[in-house]
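Undergrad: In terms of the numbering used here, the first sequence opens at residue 1117 and continues consecutively.
Source of the hints: derived by calculation from the structure; they are not laboratory data.
Please note that a few of the clues may not be correct.
As the list claims (entries may be wrong) - Result set (DSS-like, lysine-lysine): computed pairs, CA atoms no more than 27 Å apart in a straight line: (1) Lys1229 - Lys1338; (2) Lys1230 - Lys1409; (3) Lys1381 - Lys1127; (4) Lys1160 - Lys1199; (5) Lys1360 - Lys1485.
As the list claims (entries may be wrong) - The calculated label-pair distances, taken between Cβ atoms and stated as ranges, are: (6) Lys1536 - Asn1145: 21 to 31 Å; (7) Ser1411 - Glu1169: 38 to 48 Å; (8) Lys1192 - Phe1447: 21 to 31 Å; (9) Asn1126 - Ser1158: 48 to 58 Å; (10) Lys1186 - Glu1340: 22 to 32 Å; (11) Asp1272 - Asn1145: 33 to 43 Å; (12) Ser1158 - Lys1230: 20 to 30 Å; (13) Glu1247 - Ile1310: 29 to 39 Å.
Note that the structure is a prediction, hence the values are computed from the model and not measured.
All C-beta atoms in this analysis are idealised placements derived from N, C-alpha and C, irrespective of residue type, glycine included.
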Amino acid sequence: MIELNELRKNKEEFVLSLKKRGLKDIEDNLNKLISLDDERKSLKTSLDNLLAESNKIAKEIGMKIKSGDKDITDLKNKSTQIKESSKSTEKELKIKEENIKNILVNIPNTPDKKVPEGNSEDNNIEILKHEVSLEREIKLKPHWEIIRDFNLIDFDNGNKITGAGFPIYINKGAKLQRALINYFLDEAEKNEYIEIQPPILINEESGFGTGQLPDKEGMMYKIENENLFMIPTAEVPITNIYRKNIINDSDLPIKNVAYTPCFRKEAGSWGAHVRGLNRLHQFDKVEIVHIEKQSDSEEALESMCNYVESLIRSLNISYRKLLLCAGDLGFASSITYDFEVYAPGQERWLECSSVSNFKTYQSNRMNLKIREDKNKVLAHTLNGSALALPRIVASILETHQNGNEINIPEVLHSYTGFKKISI
RNA sequence: AGAGAGGUGGCCGAGCGGUCGAAGGCGCGCGCCUGGAAAGUGCGUAUACGAAGCAAUUUGUAUCGAGGGUUCGAAUCCCUUCCUCUCUGCCA
């Protein structure tokens, strides 16, 4: 949620910045927000005055009763009158506050200065690319063929017991999943991340805090009679641990890592190119989350990117790093770097990590602050995938296939217990 | 899931219709005392939203799990709801 006070201070910057996202009526919207806030303030002032008056009378009555004076009818009547008008003012104020929140909640985060303009993925900027050489002369298969040939994942039975997009990993396919998860967690630990095992169901307040609710409700699976949601990413439960907290400066940075399954409805995003592991309803992911001081978050984003890059590189697969343009930026993010790995069997780049700085957008929603000297200021929240498994698996299988066997990247050997998968 | 007890500031804990944002203690911060420390002692120590001020700050309102209600006045009474503990049941 953008900060209203900041908006009031530099409206022009907000307008320019949000226009980068391609929002057309944003200036009118922001003006409306400010005038609603003016109205809110004046209502608040008159309500406070009424209540102050009413409190004063109540105290007078109390004093009179104590001193034995029973003549309080006039005061009572006066107070009742004040009460009536304060009730109606209070109602007005509540409505005003709701109106403001409804608008505020639907305004996305302002893109960082570094974020390029543009409204499609073609406008994303490639920051770097690292390619591994493929000397093999065999014809490279897409991973869904490899999976079938080596019997690593059973999509059909997943379909039978749950539905499309819920794969069953089998045998060495399952072991590979477990190896990757453990490898990613261990590496995070070496980099001073504290491991968390959060719940994978979250309530409405948590969904609101990180920005999935109310507007992105369609992405999450809902448990109807419990009013809970399956997490679309571990970002939600981890970041919400710190909801409504005031954290001491000296306790920062907070660096957490968690492995969780993730659940996404992905409504309407199924097409011909979405085969095999390219898009799933349930997938595994190791997520890193930072809570940082505002002045430290830019550097933290860099270090997170470097960490993610080192992980991908260690798997000996081709990857590239993109800086997302404003139009491609997630709703709550101010700046996002995507990492894509290359899947040579299908000749496609697949996104496997998204590293973002949300700045104060989430902390403002969840009231997460940092105590710096005497001041309390909103924290910056950041997160990134480190890493999402399925597309990494796709890239590993397609990159390291070698006829009748698949070579497992060396860093995983101690985790898998095998160096190759054979037919 | 049933029965009972309970949810008060960073923590412990008093208050159970009147000046209570809330005694007392612990913790923490600043000062005094000291050669230094301990002990002692003085002061301070929640959050949100307004108003005034360049600011330090001053000031109003709300908040005693959450949301409603009764009352001139609610931490205190009533209703709803969430959570915790104990016992019983069920269970990996």
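Undergrad: May I ask you to test the hint 22 to 32 Å on the CB atoms belonging to Lys1186 and Glu1340?
TA: The hint (22 to 32 Å, Cβ to Cβ) is violated, given that Lys1186 and Glu1340 are roughly 58 Å apart.
Undergrad: For the pair supplied as a hint, Lys1230 and Lys1409, is the alpha-carbon distance within the 27 Å limit?
TA: Between Lys1230 and Lys1409 the Cα gap is close to 19 Å, so the pair holds against 27 Å.
Undergrad: Does the Cβ pair Lys1192, Phe1447 satisfy 21 to 31 Å?
TA: 53 Å, violated
Undergrad: What's the verdict on Lys1229 and Lys1338, does the C-alpha distance respect the 27 Å limit or exceed it?
TA: Not OK: Lys1229 and Lys1338 at ~36 Å, beyond 27 Å, violated.
Undergrad: For Ser1411 and Glu1169, compare the CB-CB distance with the range 38 to 48 Å and indicate the outcome.
TA: 45 Å, holds
Undergrad: Does the Cβ distance between Glu1247 and Ile1310 fall inside 29 to 39 Å?
TA: 34 Å, holds
Undergrad: Check the hint pairing Lys1381 with Lys1127 against an upper bound of 27 Å on the C-alpha distance.
TA: Status violated; Cα separation ~36 Å.
Undergrad: Quick check: does the Cβ-Cβ distance between Asp1272 and Asn1145 fall within 33 to 43 Å?
TA: Given about 49 Å between the Cβ atoms, the range is violated.
Undergrad: Would you mind confirming whether the straight-line C-alpha gap from Lys1360 to Lys1485 stays at or under 27 Å?
TA: 8 Å, holds
Undergrad: Is the straight-line distance between the alpha-carbon of Lys1160 and that of Lys1199 27 Å or less?
TA: 15 Å, holds
Undergrad: I want to verify a distance hint. Is the separation of the beta carbons of Lys1536 and Asn1145 within 21 to 31 Å?
TA: 58 Å, violated
Undergrad: Taking 48 to 58 Å as the hint, is the beta-carbon distance of Asn1126 and Ser1158 inside that range?
TA: 23 Å, violated
The structure fails hints 1, 3, 6, 8, 9, 10, 11 and 12 (numbered hints given earlier, in ascending order).
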